[in-house]
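*Asks:* Construct the complete structure from the given sequences, taking the supplied hints into account.
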Amino acid sequence: MQTNASIASQIESDPPGRDPAFFQKVVNQYYEDLYRFAMSLAKSTADASDLTQETFFVFAAKGSQLRDKSKAKSWLFTTLYHEFLRRRRKDGRLVFTEDAESYDGRDASQSEGDKRFDSQLVLEALSTLDENYRVPLTLFYLQGMAYKEIAEMLDVPIGTVMSRLSRAKSALRKAMEDPKESERWAIENTDQRVIPINENRKGAQG
Amino acid sequence: MNDNRADEIHGKGEQAITDMVSEMTNDDIKVILSVARPNGLDVADPMIAGALERANSDPSLWDWFVESQSWDAEVAKALGSVHPPAGLRERILSIGEAQLTASRNERDETIETPSRTVQKTPWIAMAAAAVLLVGGTFFASEFLRGSKTGDSGGGIAGNVGAVTPLGKGASAQFANWQTDALQSVDQILEGKKESLPLPEEKVAWAWIDQQVPPNPIASTSSTPGKAIGEHITSGEGIACLRVDDPLIGHYVLFCFKVSGTLSHLAVFDGVREIPNANASGVAVQQSDRWQTVSWVEDGRTMMLFFFPTDVKDPAGWAEELMNIDLAAR
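Those protein sequences? They're chains E and H, same order as listed. Taking our numbering, the leading residue of the first sequence gets 1, the next gets one more, and so forth. Taking our numbering, the leading residue of the second sequence gets 1, the next gets one more, and so forth.
Please note that the accuracy of each hint is not assured.
Distance condition first, Cα-Cα at most 35 Å in a straight line; then the derived DSBU-like pairs of lysine-lysine [what the hints assert, rightly or not]:
#1 E/K25 to H/K226
#2 H/K257 to E/K73
#3 H/K77 to E/K148
#4 E/K71 to H/K312
#5 E/K90 to E/K174
#6 H/K257 to H/K226
#7 E/K25 to E/K174
Stretch-level coverage of chain H by chain E, calculated; a stretch enters the list once three of its residues show a Cβ under 8 Å from a Cβ in chain E [to be verified]:
#8 65 to 79
#9 274 to 283
#10 291 to 299
Interface residues of chain E toward chain H, partial, derived using beta-carbon atoms under 7 Å [unchecked claim]:
#11 F57
#12 A60
#13 F117
#14 Y147
None of these hints come from the bench; they were simulated from the model. Glycine included, every Cβ here is placed at the ideal spot set by N, Cα and C.
*Replies:* Following this line, the structure appears as structure tokens:
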């Protein structure tokens, strides 16, 4: 069985061009995490599936333009995120809504005793976070992206990504432990501004 | 540590970073440690290395870091157990391979005057792609609407004033299967989905029956779909598509022109719940762009749809194609 690392290595060594084998390798390597990322953005399974399909469609059409194959992962996640933003601008449909179909694809093969958190709980807690926090956090967890990669992908300064990741983790933890607290946090953090941590703890020492 | 300070640190040399980290509060250190990936992936990063060094010399900070990494691992594991729906990978591969083939064909083939049959697909894709460059889907559909007659599609502005919305306006809600069919046609128009080889118009209805067979036990006396099929024999087939989706189910699309007006018929397997259906089970709705009429016929759910801006009287156009009186139903 091929490991992710060996597949990634093959992807990097594949020649450029519209190669079906290369396409298949990329799909096998990334489609699940792309879907998970899409779920964190759109919440509905139908929209998440559609975003994932669309991303690979674009990859099939334009992937040959990708000169550095090692950037395929970053390219795919960036493309999916931009597609999500484009669709939301277009029809305002891809937003978190109460009536959106909820995720029901729990891992049936894994018993509850095997894990501390349920995927549904994590997804719901993630959904309470403002997008500015949710997106970098999901990327961090899903593909183990370094904060510098996330900054590059989202085109935001490194310091902002660090701040958002740190704050997002705190908020996620609160959301999983106390949903009411997370709602309050979400209301306070729904603008585009990142509150410098120093403002909240003047003079505080750790 | 605020954002600017973190950015400032990244502009420094390794020794300067070490010095700055040594002066940080534990809260600042926690911010840095919270972006460290598991398994020491970031130890080469001077800022994270400096923060780890601080944590090594402070048991409370180290305990916090260990607990934080453990929590991260649990969250990552939970997210990793979210599984895509069955069949998604296969659909992606199928669509991607079709696109790869189409891209190769577009590069290799000589573009000729479109004729009616299978060659229409690349023509549709190319025409749509060309006009999308200047105006998006709306213009692509205009191009298609005017293509056969040599009409430039300029009559839209004149038609807009004559539109008579049938349904509940742009807020009308559509079921997933309806939305999927509308999006599929959009994707055909945009050249993102390829048509199957088109059957001759005279056998179009038989082709639909073959793809989504009627249920003889559930046969209905009213047959608007069959009436549309008869109209198609005197019209022009444009594209057809078969969709098998684990979420939506199975359906076929037939895009056609009758009297120069582009319309679409979607036939879904089984009896679906039709949102906003009237007492007779017929729903006439209008989204932002589409006029739709949905009903059940012979155990199958059908939807006729078109751009209301294409005709002076959308209700009249639907009634003509379906050979029914919508007001009486």
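*Asks:* Is the Cα-Cα distance between H/K257 and H/K226 35 Å or less?
*Replies:* Holds: H/K257 and H/K226 sit about 16 Å apart, inside 35 Å.
*Asks:* CA of E/K25 to CA of E/K174, is that 35 Å or under?
*Replies:* With Cα atoms ~38 Å apart, E/K25 and E/K174 exceed 35 Å; violated.
*Asks:* Verify the proposed pairing of H/K77 with E/K148, using a straight-line Cα cut of 35 Å.
*Replies:* This hinted pair holds, its Cα atoms lying about 22 Å apart.
*Asks:* Going by Cβ atoms only, is E/A60 closer than 7 Å to chain H?
*Replies:* holds, 4 Å
*Asks:* Between the alpha carbons of E/K25 and H/K226, is the straight-line distance 35 Å or under?
*Replies:* violated, 45 Å
*Asks:* Taking 8 Å as the Cβ threshold, is the statement that the stretch 291 to 299 of chain H is covered by chain E upheld or broken by the three-residue rule?
*Replies:* violated (count 0)
*Asks:* For the pair supplied as a hint, E/K90 and E/K174, is the alpha-carbon distance within the 35 Å limit?
*Replies:* Roughly 33 Å between the alpha carbons, so the hint for E/K90 and E/K174 holds.
*Asks:* Quick check: do three or more residues in the stretch 274 to 283 of chain H have a beta carbon closer than 8 Å to a beta carbon of chain E?
*Replies:* Since 0 is below three, the answer is violated.
*Asks:* Taking a Cβ-to-Cβ distance below 8 Å as contact, does the stretch 65 to 79 of chain H have at least three residues touching chain E?
*Replies:* holds (count 9)
*Asks:* Against chain H, with CB atoms and a cut of 7 Å, does the hint on E/Y147 hold up?
*Replies:* Status holds, d = 4 Å.
*Asks:* Does E/F57 pass the interface hint, meaning its C-beta sits closer than 7 Å to a C-beta of chain H?
*Replies:* holds, 6 Å
*Asks:* When you check the alpha-carbon spacing of E/K71 and H/K312, does it fall within 35 Å?
*Replies:* violated, 52 Å
Against the hints set out earlier in the document, violations occur for numbers 1, 2, 4, 7, 9 and 10.
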